[in-house]
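Engineer: Sequence:
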Amino acid sequence: MNQQLDASRPMNWTIRKLCAAAFLPSVRLLKAQKSWIERAFNKRECVHIIVSTKDPHRCCCGRLIGQHVGLPPLSPTDAFGTIEFQGGGHSNKAMYVRVSYDTKPDLLLHLMTKEWQLDLPKLLISVHGGLQNFELQPKLKQVFGKGLIKAAMTTGAWIFTGGVNTGVIRHVGDALKDHASKSRGKICTIGIAPWGIVENQEDLVGKDVVRPYQTMSNPLSKLTVLNSLHSHFILADNGTTGKYGAEVKLRRQLEKHISLQKINTREWSPPLSITPKANDSL
902 MNQQLDASRP MNWTIRKLCA AAFLPSVRLL KAQKSWIERA FNKRECVHII VSTKDPHRCC
962 CGRLIGQHVG LPPLSPTDAF GTIEFQGGGH SNKAMYVRVS YDTKPDLLLH LMTKEWQLDL
1022 PKLLISVHGG LQNFELQPKL KQVFGKGLIK AAMTTGAWIF TGGVNTGVIR HVGDALKDHA
1082 SKSRGKICTI GIAPWGIVEN QEDLVGKDVV RPYQTMSNPL SKLTVLNSLH SHFILADNGT
1142 TGKYGAEVKL RRQLEKHISL QKINTREWSP PLSITPKAND SL
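Positions 902 to 1183 (the working numbering) are the ones given, in order, by the sequence shown.
Everything labelled a hint here was simulated from the structure, so no lab data went into it.
Here the structure is a predicted model, which is why all the values come from computation and not from measurement.
Be a bit skeptical, because a hint or two may be false.
What the hints assert, rightly or not - So the derived label-pair ranges between C-beta atoms look like this:
1. S1118 <-> K1163: 34 to 44 Å
2. G1048 <-> S976: 39 to 49 Å
3. T1056 <-> H958: 46 to 56 Å
Stated by the list, open to error - Taking lysine-lysine and the BS3-like style, the derived pairs with C-alpha atoms no more than 27 Å apart in a straight line are:
4. K1015 <-> K1087
5. K944 <-> K1150
6. K1163 <-> K1108
C-beta: ideal position from N, C-alpha, C; glycine also.
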């Protein structure tokens, strides 16, 4: 009996090895597919301490001195996946990724069209404006919202904004909320914001994850929450905390790169820039 068991072991062992060998390529392929974002995009950390003149315990980047110990300046991104916005009386999901501020625009466009599976737009609407909160006259707010939504819906446009829930971006969000309440098609609205100013950014750390995200802002914080009516977020990281600016060059280069793409053999039109102001009147 023991001899029979011993004789069967080499056969069983061989079968297990063959099965494992057949399974390994599939595992490698799956890992390769999942790690494209990690291979393509990086995050930034400040490693050169310059003591702030306002706070001797902080670096000029905004972080505490002790937070710099042992951090590499550049490493694969550790934050991408899906945000599930909490609160605000509605539920919404958005894709997001943390990237270095100097990421090449062709990689970002590949992310949007291949990984996020967005169709290239026939029009890019780039909304700019101050970060300070302001009120628009009701009539102007209505005209702005309807015009923005109509332009996006009739052309299949992408809307680019600063992504955070302040200033003009709040008015864009209000227009999108009104549109969503009427059960119409979803509009591709991409927020490009600095990673370092995002409130509750620690909740977004994780690879290919689904993360709940609170939209309640802290009035005492220098950080700000993301606007929950967006469909996608690109979070530009230059290693600073509580500072704007990381997103400016990245957004400008991405808009230019998109404007050079061809759709159906026709040259694509330049981005349409919109900049509402607090004192605008009809």
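Engineer: Now tell me, hint by hint, if it's right for this structure.
Structural biologist: Each hint tested on the structure:
Look at S1118 against K1163: about 41 Å separates their beta carbons, and that is inside 34 to 44 Å. For the pair G1048 and S976, the supplied restraint of 39 to 49 Å holds, since their beta-carbon distance comes to about 43 Å. At roughly 51 Å, the beta carbons of T1056 and H958 sit within the given window of 46 to 56 Å. Among the hinted pairs, K1015 with K1087 is consistent with the structure: their alpha-carbon atoms are about 19 Å apart, no more than 27 Å.
Distance hint between K944 and K1150 is fulfilled; the C-alpha atoms sit about 16 Å from each other, no more than 27 Å. A threshold of 27 Å between alpha carbons decides the hint, and for K1163 with K1108 the separation of about 32 Å lies outside it, so the pair is violated.
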